Amino acid sequence: MRPRTSPPVLSRLLVGLYPRAWRARYGDELAALLEEAPPSPGVVADVVRGALAARATPLSLPGGPDMTGHSRVQALASLLAVALVLPSLAFLSAATVRLMQPREYQPARAAWVIFDFFGALPRELAAVVLLAAPALALVLGLAVAWRRLADDPESRTDLAALGAAARRMSRHPALVAAILAALASAAVLIFAADHLIAG
Amino acid sequence: MPRHPTPGAQPPDPALLILASLAAGPKHGYAIVRDVESFAGVRLGPGTLYGAIPRLEAEGLIEPLESDDRRRPYRLTGAGRDLLRARLVTMERLVGAGLGRLAAT
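First to last, the protein sequences are chains A and B.
Just so you know, my numbering puts 121 at position 121 of the first sequence, and the rest follows in order with no gaps.
Just so you know, my numbering puts 42 at position 42 of the second sequence, and the rest follows in order with no gaps.
Simulated from the structure, these hints should not be mistaken for lab results.
Just so it is clear, the structure is predicted and the values come from calculations on it, not from any experiment.
Glycine residues also receive a C-beta, built at the ideal position from the N, C-alpha and C atoms.
Mixed in with the good hints there might be a few duds.
As the list claims (entries may be wrong) - Covered, in the sense of this in silico footprint (three residues per stretch, anywhere, with C-beta under 8 Å from a C-beta of chain B), are these stretches of chain A: (1) 47 to 57; (2) 82 to 91.
Stated by the list, open to error - Have a look at the derived ranges for each label pair, beta carbon to beta carbon: (3) B:25 - A:153: 42 to 52 Å; (4) B:55 - A:109: 52 to 62 Å; (5) B:79 - A:153: 23 to 33 Å; (6) A:180 - B:69: 44 to 54 Å; (7) B:41 - A:8: 24 to 34 Å; (8) B:101 - A:73: 40 to 50 Å; (9) B:55 - A:153: 19 to 29 Å; (10) A:194 - B:34: 54 to 64 Å.
All chains, please: the whole structure from these sequences, using the hints.
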């Protein structure tokens, strides 16, 4: 057996552009091929194009779950869920931000415009946009997540790792408090800077 | 990629080039690139090669062989051999007819 060597940085970066399932199966082979000859700009462009194609059309790998049709449907359902929830998210954000500053300052002024726009919608349309669409997005989102977890062992492993990380964090409340304080401080500073700049 | 030496000519289908290369025996990625370059004058880029290999493998036209190396070799399956033969016969007919008509005009 040949000793394994760490691939050069560029090869590793290029291989990293491919989807994880693809890398798990072909990543080592592609890295080995890239190491055979120094990557030229043409080779880099070719690999980037290949990685984009691999992300756009996931393949069903032999011995693996059939990802072709499911992935496309799941991607479309995810996009639809995001599109459905965005208007209500914009409305809620605007409703919150408009109360944080006098109306003449940005972003409160823009928030009032968005809030007034939704306020002027007919009652039935507002019910569809603000209630029915998020409800459908919730159903779609849960369905996609459920299906993905059922189909993909790697996603289940990732979720379990996320849960384990959350449990570990919960044993260090001081660390959690420090992170939350830092995030809140950053938000406050951004808001204050925006207020000062806007004038 | 793939690069072809004849300006204006459409580069051959990478999948067909890979099948033709493996018809001579199992090869890993770099050996396929070199072989295709030698018999077709086309240099397959790594992204092009590894765009075609998973497709061919998923379609059962090629299969990987066990390897201790990161450079995993592939070989043609029976279905791959049949498909390659059918495609080449079709191309041969086309080439014969096309060249014959060019010679007659």
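Quick rundown of the hints versus the structure:
| no. | hint | verdict |
| --- | --- | --- |
| 1 | 47 to 57 | holds (count 7) |
| 2 | 82 to 91 | violated (count 0) |
| 3 | B:25 - A:153: 42 to 52 Å | 35 Å, violated |
| 4 | B:55 - A:109: 52 to 62 Å | 54 Å, holds |
| 5 | B:79 - A:153: 23 to 33 Å | 29 Å, holds |
| 6 | A:180 - B:69: 44 to 54 Å | 49 Å, holds |
| 7 | B:41 - A:8: 24 to 34 Å | 29 Å, holds |
| 8 | B:101 - A:73: 40 to 50 Å | 47 Å, holds |
| 9 | B:55 - A:153: 19 to 29 Å | 23 Å, holds |
| 10 | A:194 - B:34: 54 to 64 Å | 59 Å, holds |
Hint compliance for this structure: hints 2 and 3 are broken, all remaining hints hold.
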